[in-house]
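Under the working numbering, think of the first position of the sequence shown as 59, with each following residue one higher.
These aren't lab readings, by the way, just hints derived from the structure by calculation.
Please note that the accuracy of each hint is not assured.
What the hints assert, rightly or not - Listed next, the in silico PhoX-like pairs over lysine-lysine satisfying Cα-Cα at most 25 Å (straight line):
no., residue 1, residue 2
1, Lys1052, Lys1103
2, Lys275, Lys297
3, Lys861, Lys1123
Unchecked claim - Just the calculated beta-carbon pair ranges, DEER-fashion:
no., residue 1, residue 2, range
4, Asn550, Asp391, 53 to 59 Å
5, Gly287, Val739, 23 to 29 Å
6, Asp391, Gly287, 30 to 36 Å
C-beta atoms are modelled at their ideal positions from N, C-alpha and C, and glycine is treated no differently.
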Amino acid sequence: MCRRTVLTSAVVALWAGVCAFHQLPQNEIDGPSRDGIHRLFRLDGKFVHNVGRLQLQITNFGETGNQSNPSRTTVPSAEWPAGSGNDYLYAAGLWVGALDASGIPHVTTATYEREFSPDIAPVNVCVPLPIDQVADVRESYEGIPGGNRIISASVNPDDDGDGRVDEDFLNGLDDDGDGLCDEDYAAIGQQMFASEYNDYQPTTRQLLPEHVPLGIKVQQTSYAWATPGQNDFVGMDYKIINVSGRALRNVFVAIFADMDIGNRSIRGYFTDDEAGLVDTTVQYVGSTGEFVHRRIQMGYMWDNPDDPSRVQDAKGGDVPGYFGCMFLNHTTDPSGATAPRHVGITSFKFFSGSAPFPAGGDPENDAQRYLLMSDPQLNPDVIGQIISGRPLDYRFIMATGPFRSILPDSSLTISVAWVMGLGRGPSQSGGTLIDNAVSAQQVFDGLYTDLDGNALTGTCGKETCLRNTEIGSRFTYIIPESSLCRLRFHGNISSIVDANNNPLYPGIPDWDVNTPCNLQQDGKYVCQDVLGGTLQNNGAHCANQDTLPLPIVSADCKYVDFDCDVNTGQGGREHLVNWVAAAPLPAPFYAGQDGHGEVSDFQHLYNSRDDSTRISAWFFPGDHKVTLKWSNFAEQVRDAQRGNLKEFLGYRIFRAAGWNRPLGTNAPARNLWSLLGEWRVNPKGTPAHPLSDLIDPSIPIINISPTLVRWDPNRRAVRNDSSYTEIDTLFAVGRYSFVDTHVLNGFPYFYSIVPISVVPGDSAGSDVVLQGNPSASNAQVVYPRGDSRNDQKEVFVVPNPYKGGAEWDLVPREEDPSGTKVTFMNLPRTKGTIHIYTIAGDLVKNIEFDGRPAADVQYGKDPVTGGKGQEGRQIHHHPMRTAGGSQPFQGESRRHSVMRTLIVAVCLLLPLTAEGAQIFEKVGTLGGQSLKIGVGARAAAMGDAYVALADDATAVYWNPAGIARLSGQSVTLNHTSWPAEILFDQAAYVFNIKWIPGMLGVNVRALTMSRDIVRTTYLPDGTGDTFDAGEWAYGISYARSLTDKFSAGISANYVQTGLADVKGKSTTFDFGTLYDIGLLGAKIGMSIQNVGSDMTFLNEKVKMPTFFRVGGSVNLLQRGDSRVLTVAEFTHPSDNSEKVNWGAEYAFHDYLFLRGGYKFNYDTEGMTAGLGVKFPLTLSKASVARLDYAYQDLKLLTAAHRVSVNVSF
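The task is simple: from the sequences and hints, build the whole structure.
In structure tokens, the structure reads:
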């Protein structure tokens, strides 16, 4: 939004009431439903994976990113890296398609049609939330209490001891009916988001009548890490559960992605993208520690670099990254009968433009969507590695399937990764799209662990436990003759080829039947029967003897090599754990309020026992300081892979400064962060400080819990033979406290408390220290602010003067259209409201404040509500000063009687954004507000209803036609004492020249203020310099009587505004007519004022305030020497609502005058009164003078006093 210079003035009145808090809602879900979308849909950008370099937005209905940007939020969908403003995603969504009993295809989509929905009325709710806010995204992290997962024998994954493992999905529901809430689920990664949604909500059918639900529920989890090499991707699991009561046949699952790559600050940044398909084979170290060959398939896009020589290729907003999506895992069937033969894409297509589907465009109904997902001609085996031919706005679909069926109450899990990279790759130096895709696959593949602590399981490739849990029954495990489990023991497996003469089993060596198994292939096929057993002592046998049918008759595990891979199931490691990465400890979390409110507003909502994930830190803004307080929850996180080892070493505290909220960003950039210090439990040999320096011993204990530990610190390994118990103690927020005093009030800061942890090696020298990246979202910004005062004597505004910007300005956004502000500092320690007016008395905005210790109030964005989306005004140029007094107010505070205080702040050039719907939308948007202040004490005393009277030299302002009725020369001098020590003066001279018919007039108006203190954002108490400001208008008028009853006139005005060393100017014209009815002295007058050029100020232009006035005057009574004159006027200003003015004058002997009036529909003005005295200057009475006084009640702005002298001769 472009800025316009607004030449206005403002007067601010502040009063105080009884001390009280204003309760702010925390993390409130979006308001009432709009556009038919229920408010439970997470569309506000609250949940963004921000621990790594890829900042990916997550919703609770299957959409990744957010197609409601910017109507609901300006948080980017996929920013990389943080703070860059480079977005790589518009929106992407899950598609699930299947055939019904009649063979008709149906597809449920998350994007563009939002056919998935969170449960609007869930059952078995266990979280303390309104029913329509339960099915939200929930955040967790690996190691959180209640989040243990099956990972090793060193920890019990049955968190609640009910004999079941991970039966309670993280969804706010009591899934297992035990009365507990989310107490036993699998927490994965340094940051995990979980949500649950389905496709059978009634509201979905109401919004999308053509939608036919499949009857599926989806449990979605996503994971991110900060570890280098693992921080450029986000993993996701979609567990698709069939709850329809009928089988779903020929199921396909797809990801539809509209990536829109570029910088959001550039219009049309998304129109020059390219798209393609990666289909390549890579080699990496797999979950067994052996090299594996893997086929990687991935849909991806990138921003085409601009070519200045080609207009169509020079869209702007170039960004360097490549962004892709890949399937990591799903059910497979080598025969292809029940599932795809391998993990990957079975259908891929990209498209652009708006062509119909038969011509290559987007699918528009379920039949077309299913056809696109299932088309064998779109299989990568057919189309190969394709890329787009020219830059356009592309989207793509990648699908996998078919899965023959999903039976009722059964599920299908699809794992995907969103991957970023610098270039397509691969590269020897790493960091490309393909390199990071390999890293994502490695993290998903995980590792094999010794879950049961038995060295005899997980040997000779046997990784799968078969057991019979039905009493009296049995089944037999049989290995088919064609299975690789048999073929690998043939002596010529390398000779088995496909139709293209390619080996069917590459990488598997031939078996030598004449060589003992312990002497070939590294002895991997030796199966131990007893501990320490060998072939020589008959305590072991060869795996080639295990190809006979195996009866399974009991509940005891019989391990088999189910995957026919000898590398899985070695060294006692029989259990595969997916999603394994070296995750730093989670950082204490501060929810934030976009810089609004105080921590005390929502601290009571914090529950250390139940909500240690979301809120474990508080950041308190103060006067030139920010206080950080956090709990020790990170110290309770233990490494289950290493026998519940406590990894915690200490903390590092980072601060980000210099942030200006770049477009399309959700976090400060990495280069803005600086290290404030490091603290360790044992700082010896490091530059760190002792951790004890941060500890507040008075903070209470929240919980004490025993933890079983199997880590042997001497052998530096997990021990399976014994364990011991350690006690973990969780303290409340405030256990640690740090105060940053090197901050400036009013500037934005971010803080990140990063725990330091250790991954032990074989020796102390090989230990690896881990720490996450400093990270924060825009909502976590903190603004230091001045303390409140016991009085109002030192209230001031910063910056002063304001010249179109300040060092703390932010880039404008929809929720903050101006991006700039001025701040009221040193407010009194009471509850109150700041009322902001233009110099002419028009109300612009009300700002509530509560007078708590941190009490600065910002003018330019709403610091209390943080409301967004309302149209407002922009801040421009102004000086501001304060003045005022106090008077008793009926009320009491807890400490002393409360005073209602009047504080006046005068802005010659208005700086505000007005968001209140109760205020006329154009108030404060125009310049030259001093031109709206009337002149002359007589006119002011009669309610400024003067357009039809205009019978003295002040007519040059009210109605230039009035000077045509003057019989001679006239001079007027007017002085006004305006609130806040502002002076307004006017002088006019009306005369005639014999050879020019009609009358001429000249006038000058001046609004001035004494010099004021220069205050800047860096030096709010003053720089030592002063400045002045004012507004002047010089005019010339001409009027002529066209008949004996009708006259017309015109004025030309040159207007100049001065602010310190900056000036602005404009030329305006006034037009007026006056008609004498001829009965009872009645007259009708009309005028149009301030028509002309815009004012230019600091290279910006602003319109002037145009007025239309129409009114009448009449002598109601005239008896002897007494006369009563009444006037009325209707006014239509271009920047406010219509006004009505009324006034009357009683004249006695034409020497003494009593006047009164009232102004209707004004924000500050109402009753007026005054008097006048007229006396001759010569004996002949050819020259007379009139001395007038007027009083104007300005309500909260106290009053204005006017004195005028008018001489006619």
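Exercise. Taken at face value, is the distance from the CA of Lys297 to the CA of Lys275 at most 25 Å?
Worked result: holds (8 Å)
Problem set entry | Status of the given 30 to 36 Å range, CB of Gly287 versus CB of Asp391 | holds (33 Å)
Problem set entry | Hint consistency between Lys861 and Lys1123 [alpha-carbon to alpha-carbon, up to 25 Å] | holds (16 Å)
Problem set entry | C-beta pair Asn550, Asp391: status relative to the range 53 to 59 Å that was hinted | violated (26 Å)
For this session: State, for the Cβ atoms of Gly287 and Val739, whether the hinted interval 23 to 29 Å holds or is violated.
Result: holds (27 Å)
Exercise. Is it true that the CA of Lys1052 sits at most 25 Å from the CA of Lys1103?
Worked result: It holds: about 21 Å lies between the C-alpha atoms, which stays within 25 Å.
Violated hints amount to a single one, hint 4; each of the other numbered hints is respected by the structure.
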